[in-house]
Amino acid sequence: MAKVLMKGNEAIAESGIRAGGLCYFCYPITPQSEVAEYLSRRMPEVGGAFLQGESEVAVSNMLYGAAGAGVRCWTTSSSPGISLMMEALSYIAAAELPCVIVNIVRAGPGLGGILPSQGDYRQAVKGGGHGDYRCLVYAPSSVQEAVDLMPLAFDRADRYRNPVLIIGDGMIGQMMEPVEFREQEFPSLPEKNWATDGCKGRKPNVVNSLYLNPVEEEQLNRKLGEKYARMERDEVMFEEFNTGKPYRALFVAYGTTARICKTAIKKLAEEGIDVALLRPITLFPFPSERLNELAEPAEFLLSVEMSMGQMLEDIRLATCCRKPVHFYGRQGGLVPSPEEVADEVKRLLGSAKGDR
Amino acid sequence: MNPKELNSNDPVAWCPGCGNFGIREAVKRALVELELEPWQTCFVSGIGQAAKAPHYIRCNLFNGLHGRALPVATGVKLANPELVVIAEGGDGDGYAEGGNHFLHALRRNIDVTYLVHDNQVYGLTKGQASPTSDSGMKTRTTPSGSRVPAFHPLALAVALDGGYVARGLSNRVAHLAALIAGAVRHPGFALVEILQPCVSFNRVNTGQWYRERVYELADEYDPTNRELAFDLAREWGERIPIGLFYRSSRPAYPLPVPAAPPSGDTFRFLLETLR
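Those protein sequence lines, which keep their order, are chains A and B. Position one of the first sequence corresponds to residue 1420 (the working numbering), numbered consecutively onward. Position one of the second sequence corresponds to residue 32 (the working numbering), numbered consecutively onward.
I should point out that these hints are in silico values taken from the structure, not numbers from a laboratory. Note that the structure is a prediction, hence the values are computed from the model and not measured. Heads up, the beta-carbon is just placed ideally off N, CA and C, and yes, glycines get one too. Incorrect hints may have been included.
So the derived list for chain B, only partly shown, Cβ under 8 Å to chain A, looks like this [what the hints assert, rightly or not]: (1) Gly98; (2) Gly130; (3) Gln159; (4) Pro162; (5) Arg171; (6) Thr172; (7) Pro174.
Away from chain A, derived, C-beta distances all over 10 Å, residues of chain B [as the list claims (entries may be wrong)]: (8) Pro47; (9) Cys90; (10) Gly123; (11) Arg203; (12) Pro218; (13) Val245; (14) Leu248.
This is chain A alone, in the form it adopts within the complex (with noise of 0.2 Å):
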């Protein structure tokens, strides 16, 4: 198929679509109320469901039911919209139901403004929602990236019963590129023989949260917690960038940042300084492994973040602080230049030969 140039929030409509996602809710907000605009006019072309709500609190509960009878479903938002919607998330988890929600993330605390930002990170990465559960959560940094990641992201939901979150900024959202849906093929899914869809000739299905008896609360989160581990396991995705060759720093970064640290890279390397750059796609399982082994060879590690460094934790964690990682971030919905980037990597290095 020849590539389109579309808009990023249009090009995760169609391949939501195009991935089965043909149940949609939503209720407006900047700067991802093109999903909702455009679904509005193709789902009724693919027969299937469009329904803007009264709040995204009830748009989160919607997307409760329609996962628990079964059929593959989701949401757009942006930021202060998803935390309304956290409560339902919780107990989504808790159901173990599969649902996809996108945040095309704005700058916050609080109203924020409508500018880009990666300020949901911990929200999306360490629960967001009360209770002991954990989302996969894939981080794309391209157009192109963002529609390869909704047929799979419908594809995990479903094979693990659980939340899938993808984690766009408003830059991803806004911004136009060529893009091509490619047909993705996965391995069979077990039968959803757990959907509240009707029961005749079998036992009735129960979609419920509540466990008063403790015994079996602590079995559902044992069990949510092997689930967890298996998504460690089996589902983690990055990218290394000029990793072939000998470095002297290694960027972290995700999404936005990390095109933006490419082109630092690049420019850096005209200078003679060698740095490379590892690009987590899922935040949640986080590649710590990988990044364990290309924190060796480099001096100090730098999480370029849209935020006041929010991944730098499980960074730190993932090394064990073995090498010192540093910060370098906008807030607010500016973006670091590559030229600021790569500043602060030669401010670094210089204070680092200081050092010794």
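Position chain B against the provided structure of chain A, taking the given hints into account.
For chain B alone, kept in the frame of chain A given last:
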């Protein structure tokens, strides 16, 4: 006081021709008529083009969460019963995201005034269907027309025996200012639903559309007649009534009565003890 003294220095982010300008003017005139100084009033808003309105008036302002103006306003009023509390927002903010809070504010009948700018569309996010979009209306999320009937806030407010239930039009400034002043004077929950055109994102319910349909309730109309108010609240389409539809005699939610301040003697005693 001159209404101009209530202007704030915030740059206004509304489109030229927006109905919000008329509403802001009416709000300022009402505050002047009520002889309220800026420090005596607290505006509370959520998110939306309408929720920006309090930024453009020189009073206390609490700009909170989308849809949550009424619970925040309730908190403000209970914490400081002396303050005049005015919640302000749009149809999406108040009737969709905050719909549940709207129901319970009506039930509770706390002494808060609620101004709802109703342009029948989401303006801030650029033109999606809102709860008051008429059935069949084409918007960015209803390309073949809305399939659900519009929400009628006045009918709901009358059904719940809401304290003060009124509707105005954004460019009938004097009429609207009088409704707002009456709402603030009313000792209980007061709803002023304000019809307004959205010049950028609603090409159906334009200024002319409203002008052709709106009529004022007659002077001799009795706002204590709940059955009649309910009938009028459901009148929508060819003719749209504006004015004070209904006023309930239901007691307002009790506000805390502050303990008496220490007398002069007690005060002197305390001072001497502390010395």
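Hints, verified against the model:
Interface hint status for B:Gly98: upheld, as the beta-carbon distance to the closest one in chain A is roughly 6 Å, under 8 Å. A hinted interface residue such as B:Gly130 counts as satisfied when its beta carbon comes closer than 8 Å to some beta carbon of chain A; here the least separation is about 6 Å, so the hint holds. Residue-level restraint check for B:Gln159 holds (minimum Cβ-Cβ distance to chain A is 4 Å; threshold 8 Å). The restraint placing B:Pro162 at the interface with chain A holds, with a minimum CB-CB distance near 7 Å, inside the 8 Å limit.
Annotation: B:Arg171 was flagged as interfacial toward chain A, and the flag holds, the nearest CB pair being 5 Å apart, inside 8 Å. Given the 8 Å rule on beta carbons, the hint for B:Thr172 holds: about 4 Å separates it from the nearest Cβ of chain A. Hint status for B:Pro174 relative to chain A: holds, with the closest Cβ pair at about 5 Å, below 8 Å. Against the 10 Å criterion, B:Pro47 stays outside the reach of chain A, whose nearest CB is about 21 Å from its own CB.
The claim that B:Cys90 lies off the interface holds: its Cβ sits roughly 20 Å from the closest Cβ of chain A, which is beyond the 10 Å cut-off. Not every CB of chain A lies more than 10 Å from the CB of B:Gly123, the least distance being 7 Å, so the non-interface label is violated. Against chain A, the non-interface label of B:Arg203 holds: every CB pair exceeds 10 Å, the least being about 29 Å. Every CB of chain A lies more than 10 Å from the CB of B:Pro218, the least distance being 31 Å, so the non-interface label holds.
For B:Val245, the non-interface assignment is confirmed: its Cβ lies about 27 Å from the closest Cβ of chain A, beyond the 10 Å cut-off. Residue-level check passed: B:Leu248 sits 30 Å from the nearest beta carbon of chain A, beyond 10 Å.
The structure shown violates just one earlier hint, number 10.
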